[in-house]
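Read top to bottom, the protein sequences are chains V and L. When the letters of the first sequence are read in order and numbered with this note's numbering, they come out as residues 1 to 286. When the letters of the second sequence are read in order and numbered with this note's numbering, they come out as residues 1001 to 1298.
These are computed hints drawn from the structure, not numbers from a lab. Quick reminder that beta carbons are idealized off the backbone N, C-alpha and C, glycines included. Do not take every clue at face value.
As the list claims (entries may be wrong) - Which residues of chain V face chain L? A few of them, derived with a C-beta cut under 7 Å, are:
#, residue
1, A105
2, E133
3, P158
4, D187
5, H190
6, W196
To be verified - Stretch-level coverage of chain V by chain L, calculated; a stretch enters the list once three of its residues show a Cβ under 8 Å from a Cβ in chain L:
#, segment
7, 59 to 72
8, 82 to 90
9, 115 to 129
10, 211 to 221
11, 225 to 231
12, 234 to 248
13, 255 to 269
Chain residues, written in single-letter form:
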Amino acid sequence: MATHRRRARLSRSRWGDLLLFLFLGVFGVFMGLPLLYSLVTAFKPVQELFLFPPRFFVRNPTLDNFTTLFNLVSDLQVPFSRYLFNNLFLSVVGTAGYIAVASMAAYPLAKYRSKWLDAYFLVVVWAILFRPEVTSIPQYLVVAKLSLVNTYLALLLPAMAGTFGVFLMRQFMVAFPDEILEAAHIDGAHEMRVLWRVVMPSVRPAWLTLAIFTFQQLWNTTGIQYIYDENLKMLPTVLRQVAAAGMARAGASAVVALFLMIPPVLVFVISQSSVVETMAHAGIKS
Amino acid sequence: MRRRGSASMAALMLAPFTSLFVLFTLVPILSAVALGFFSFDMINPPRFVGFENYVRMLVDDSVFPIAVRNTLVFAFLTGPLGYVLSFLFAWLINELRPRIRAWLTLLFYAPTLAGNVFFLWLFLFSGDAYGLVNSTLMQLGLIQEPVQWLTDSRYSLGVVVLVMLWLSMGAGFLAIIAGFQGLSRELYEAAAVDGIRNRWQELWYVTLPQMAPQMLFAAVISIATSFAVGYQSMELTGFPSTDYATHTLTLHILDIGGIRFEMGYASALAFVLFAMMAVTWRGIETLFRRLAEGKGGK
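Could you put together the complete structure from these sequences and hints?
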């Protein structure tokens, strides 16, 4: 598959490839340093965490931080698995739900034509440009009015109300060839069926990418303004709570940072590898 | 694009998202815009003051012009540069084999994915003699005394610009990477037959026109982030920064709304920031359209 594509491109040298790879590699390592730093810091003993001048790598790696965090977490009244469930539930359901509603909204915005939809699209873009600092209080009032405070929905619904994903999906659907849609309609397919069976498979890179953003955002939700029931608290809130005692817990909180980073990185790697494998479907743009 | 299906079908498909959007995004935004015409300290009920908040920005807030200036400097330095860089890197990464591509993308996206990104820069630009930049320059004999990179108002802005560029491989970058996966192979073959001579011509005449929707998306993201520099500058240079050297509108909103509890004035400031972004977006959209028309349409 890759070779097909290669052949279609202009000819290039093996040396050029190597140089390009080296160039990107050097930059890439510099960009990747924060990931590496989070990893090595989790293994640092307390003396090294507060070393001056600071050192990047760990000299005497230890698992103490992990055991400290483990002991802290096993002393919690609510079992750790409950928090993990809360977070996974919110992230998975929220990501799937958002991709579904955003795609459904993006399709008419990309493929139907009317004055109203043009205006709708303008609002979609504008909403991305409005800063959230001043909207959080009105948003709280809406959530409170609907009596959603202290439920999963208080975190789930606002997270699915952003226009970012609609804009992203719409941009990928715009180029989908009309002829294929028409053919599907002539075959008598319902519009919803066309969207899920014909359009969505071809814009797979788009929703896989959207999954990365949405999962990352939801996984890191603290929800402190909406959730006060101990059973419903989110993992980042709880982990930061137990690890927040200044210097004494600095090691544990480094482990927390590492631990919280793993699921988004996994989702990233899985969807990104699928994104670059979708080239088999490529070539349908007219 | 032509009219297909019925208006009711479109409405039906838009309905689920629209109800969420109106309740949890649009109503809060409109309330904030309205609040810009009130005086509201979050304890007493809001009091209507007309355009007083907007007048105050112009005549009675000496920090506001500094915040606007810095916001514009960040926007027009980090916006276009970060945009071009994220396209460039996405394009280059796309030339590599799929497996390598996924891992390199992870590395480039790492600053957006990782938690503690600023440590690295605080270490590089630390104001003591141990900071990497200072110690290197001192060893080379270029400076005698350590430079206060983060707190000296002559340098701090530059450092934040640099870090913003480093952070610019975000949502737009990933969207461009994804966009590359949908490119039509036939067009490249046809272009080769039509006499496209080199990679730059291929990029300009074949790749970019197909990527227009993704490029437009990346442009909006780049506006939304480069105009909203705030916490990045706070983490690096403190809040407030020395002489407000890296103070931005976002930080001003945080200061007024979050610390002084003047929500009315903060909302008015947020609206000004939004207006600046919306105008820029309008200009960029027009530019894109002109470019597309110049190339014979797409």
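For the hint on P158 (chain V), does the least C-beta distance to chain L fall short of 7 Å? holds, 4 Å
Report holds or violated for chain L covering the segment 82 to 90 of chain V, Cβ cut-off 8 Å, minimum 3 residues. Coverage by chain L is violated here, the residue count being 0 at a Cβ distance below 8 Å.
Holds or violated: the segment 59 to 72 of chain V covered by chain L, criterion of 3 or more residues with Cβ-Cβ distance under 8 Å? violated (count 0)
Quick one, is the E133 (chain V) hint okay against chain L at 7 Å, beta carbons? holds, 5 Å
How about W196 (chain V): closest beta carbon in chain L under 7 Å, or not? With Cβ-Cβ at 11 Å, over 7 Å, it is violated.
At least three residues with a C-beta closer than 8 Å to a C-beta of chain L: is that true for the segment 234 to 248 of chain V? With 0 residues close enough to chain L, the hint is violated.
Under 8 Å between beta-carbons, do enough residues of the segment 211 to 221 of chain V, three at least, approach chain L for the coverage claim to hold? holds (count 3)
Would you say the segment 255 to 269 of chain V counts as covered by chain L, given the rule of at least 3 residues with C-beta under 8 Å? holds (count 7)
Within the segment 225 to 231 of chain V, is the number of residues with a Cβ closer than 8 Å to a Cβ of chain L three or more? violated (count 0)
Taking 8 Å as the Cβ threshold, is the statement that the segment 115 to 129 of chain V is covered by chain L upheld or broken by the three-residue rule? holds (count 8)
Status of the hint placing A105 (chain V) at chain L (closest C-beta pair under 7 Å): holds, 4 Å
Interface hint for D187 (chain V), Cβ within 7 Å of any Cβ on chain L: D187 (chain V) check fails; min Cβ-Cβ to chain L is 14 Å, beyond 7 Å.
In summary, the structure is inconsistent with hints 4, 5, 6, 7, 8, 11, 12 from the numbered list given earlier, while agreeing with the others.
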